[in-house]
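Quick note, the sequences are listed as chains A and B, same order.
Take the first sequence: its position 138, counting from 1, is numbered 138 in the working numbering, and each next residue is one higher.
All you need for the working numbering is the position in the second sequence, starting with 1, plus 1000.
Rather than coming from a laboratory, the hints here were simulated on the basis of the structure.
Certain hints may be false.
[To be verified] Distance condition first, Cα-Cα at most 20 Å in a straight line; then the derived EDC-like pairs of lysine to aspartate or glutamate: (1) A/LYS227 <-> A/GLU260; (2) A/LYS267 <-> B/ASP1230; (3) A/LYS227 <-> A/GLU245; (4) A/LYS66 <-> B/GLU1043; (5) B/LYS1179 <-> B/GLU1055; (6) B/LYS1295 <-> B/ASP1310; (7) A/LYS190 <-> A/ASP16; (8) B/LYS1196 <-> A/GLU286; (9) A/LYS275 <-> A/GLU260; (10) A/LYS66 <-> B/GLU1038; (11) A/LYS267 <-> B/GLU1043; (12) B/LYS1046 <-> A/GLU245; (13) B/LYS1046 <-> A/GLU271; (14) A/LYS242 <-> A/GLU182; (15) A/LYS190 <-> A/GLU286; (16) A/LYS275 <-> B/ASP1273; (17) A/LYS272 <-> B/ASP1230; (18) A/LYS66 <-> B/GLU1231.
[Unchecked claim] Chain B is faced by these chain A residues, among others (derived, beta-carbon under 8 Å): (19) LEU18; (20) PRO19; (21) PHE22; (22) GLY63; (23) HIS71; (24) ASP90; (25) GLY169; (26) ASN229.
Treat the numbers as computed from the prediction; the structure is a model and nothing was measured.
Every residue, glycine too, gets a C-beta built ideally from N, C-alpha and C.
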Amino acid sequence: MSEHKQNRFLPYLREDRLPHIFCPGCGNGAIINAFLVGMEKAGMDFENIAMVSGIGCSSRIPGYLKCDSLHTTHGRALSFATGLKTANKDLDVVVFTGDGDAASIGGNHLIHAARRNINLTVICINNNIYGMTGGQISPTSPKGSFGTTAPYGNRDTPFKLAELVAAAGATYSARWTTVEMENLVLSIKKGLENPGFSFIEVATQCPTYFGRKNKLKTPTAMAAVMKANTVFKSAADRMRPKELEGKIVVGEFAKTQRDEFTENIDKISVEKYGKKTIINSAYETEL
Amino acid sequence: MAEEFFIQGNEACAKGAIAAGCRFFAGYPITPSTEVAETLARELPKVGGSFVQMEDEIASAGAIIGGSWGGTKSMTATSGPGISLMQENIGYAFMTETPIVIVDVQRGSPSTAQPTMAAQGDMMQARWGSHGDYEPIALSPSSVQEFFDFTIKAFNLAEKYRVPVFVMADEVIGHMREKIVVEDDIEIVPRKRPEKTENYLPFENIENGTTPMPAFGDGFNIHVTGLTHDERGYPDTNDPETHDKLIQRICDKILNNKDDICSVQSENCEDADIVIVSYGAPVRSVVEAVNRTDKKVGYVKLDTPWPFPDEEVAKLTANAKDVLVVEMNLGQMYYEVDRVCKRNSNVHLMGVIGGLLPTPDEILDQINRLGGN
């Protein structure tokens, strides 16, 4: 038997937690890979990364990565991340979330984190369905798609997350798919480098639930549909709404600069009172 | 040298938080607690701390848990509607053993009810508000001085036991103004940093059930989850033994240390026919009534309603024919007192709602109705 070549990212993983819980064909593995490549390309120190997540399949990712990781309550990852980053702005805080977590139960936190332009990098894995609970429709499920809670087809109009977050004030927002790995990696790199709120939506396949409910039974079939329906933003900008129905528009929706939330907090202390924030002050006997 | 201030209860709470080492506050405006947030918004920058007005109380609770793992003593303040919203994240803090302080300046309830009136209707929410089994600590101040002192004590207990601690104040204490004395040798409990050893387990059962807590960024690379987890912090959700061991430990670390945590104050209980049990603002009227009556009446003041001080209350009421519980709800701590005292005494409730503090005269009426000498 030939020996497996050790994956070079293995040192970043909590090997003692493997095997993982993700289904065969799930996009999460490829997205973890894209994140680690993007992180290396950005020259980030993995040791300085802290991860926060909510509830759902995508939110399980930080549990497999060997960094400080806070696996929180459903939808609330961004509020925990806001506290963590404010308490210690030297940390590079990355949030893994999904469409249900970020856009349904956590929708309010999402727009407010974007509004504040707090320096967080959010990877939102959008599989258009609730995977962990077994295939219910989500706020990004396409109109007409099927889920266990939409047995007659989804009648609601989905959110366009990358556009929503851009409109809410994020300084970086992009959407890619799991069949657009190079662009995704580049976006993750940019998101990590952006000193503000960065949101990267990744459209991904969930063959187990979305696929099964929507006659797309294999990951390859889902990838093929995703690829066929992908339109670059530059092209989409010239298309009519009718032509864009059922399409996944990929590209960057916000790429700008403005003042960052935790910097602003520090400014008041430093400029007005000459007081620098003491990191890890909870351990101090005297302040 | 000790300093004196004439300030409002909510301001005293904020002052106590800063004295205790709180350097992060996240909150949402709500009457009658808002002055805690307003004071900290003004004062925290002066000591290099951070104030964040969050989008709601759910986010406020989440943010202070994040802040605490970021190595900073963290607090929020709210009232009934906000405490209801915070419950899920408070449960998360119990499960992940995150030290935080939650100030609840209670108002008329349920729902939005009476924003500017006092009540003690959230006592059971502090005890059982989040789903599942856990053991909370709650302190109830009866004066502005105590609101200051108990806020400090709340931080110290939170750090010592890695647990959320409630300060259960009410509108009367929050908004009244009194003189407070701030000593210059306030006892502060700093967080304990774990040793970086090969086999460090962040959720191990050591030191009386409370394992030292690292901050994110310390290099421990720990996983923190609200799922049932083993000593490494890794999810292990289907093993009954892992769950039992974890939940027993997070309960026992409080229950086994009740001697250290619980605090009551009492007067004249030894030979009293009637003992009044109360906490928070109503204690002020109880003390006055006990001073005025000719009968043999004593009182017990619960500084820490949670964990309920069973032994102390049982001991102090052992000789009383009647026990009267005075509280500003229709019976919450009453059931705890009844549980502990009913073998020896008749336990009665004076439950006052509507928002006004029960007066000494009203309490004297109750005393007279109970008879005795």
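Interface hint status, A/PRO19 versus chain B (Cβ within 8 Å)
13 Å, violated
Regarding the hint that A/PHE22 lies at the interface with chain B, is the smallest CB-CB distance below 8 Å?
Nearest chain B Cβ about 14 Å off; hint violated.
Let me know if the C-beta of A/LEU18 comes in closer than 8 Å to any C-beta of chain B, holds or violated.
Since the shortest Cβ distance to chain B is 11 Å, the answer is violated.
Regarding the hint that A/ASN229 lies at the interface with chain B, is the smallest CB-CB distance below 8 Å?
Since the shortest Cβ distance to chain B is 34 Å, the answer is violated.
A/LYS275 and B/ASP1273 were given as a pair; does the straight-line alpha-carbon distance stay at or below 20 Å?
Measuring from Cα to Cα gives roughly 57 Å; hence the hint is violated.
Straight-line Cα separation of A/LYS267 and B/ASP1230 no greater than 20 Å?
Violated. A/LYS267 to B/ASP1230 sits at ~41 Å, over the 20 Å cutoff.
Report holds or violated for the interface hint on A/HIS71, using the least CB-CB distance to chain B and a cut-off of 8 Å.
4 Å, holds
Taken at face value, is the distance from the CA of A/GLU286 to the CA of A/LYS190 at most 20 Å?
40 Å, violated
Are A/LYS272 and B/ASP1230 close enough, with their CA atoms no more than 20 Å apart?
46 Å, violated
Holds or violated: A/LYS275 to A/GLU260, with C-alpha atoms at most 20 Å apart:
19 Å, holds
Given pair status - A/GLU245, A/LYS227, alpha carbons within 20 Å
15 Å, holds
Please work out if A/LYS227 and A/GLU260 have their alpha carbons no farther apart than 20 Å.
Distance ~36 Å between A/LYS227 and A/GLU260 Cα, so the pair is violated.
Comparing the model with each earlier hint shows violations of hints 1, 2, 4, 5, 6, 7, 8, 10, 12, 14, 15, 16, 17, 19, 20, 21, 25, 26; every other hint is respected.
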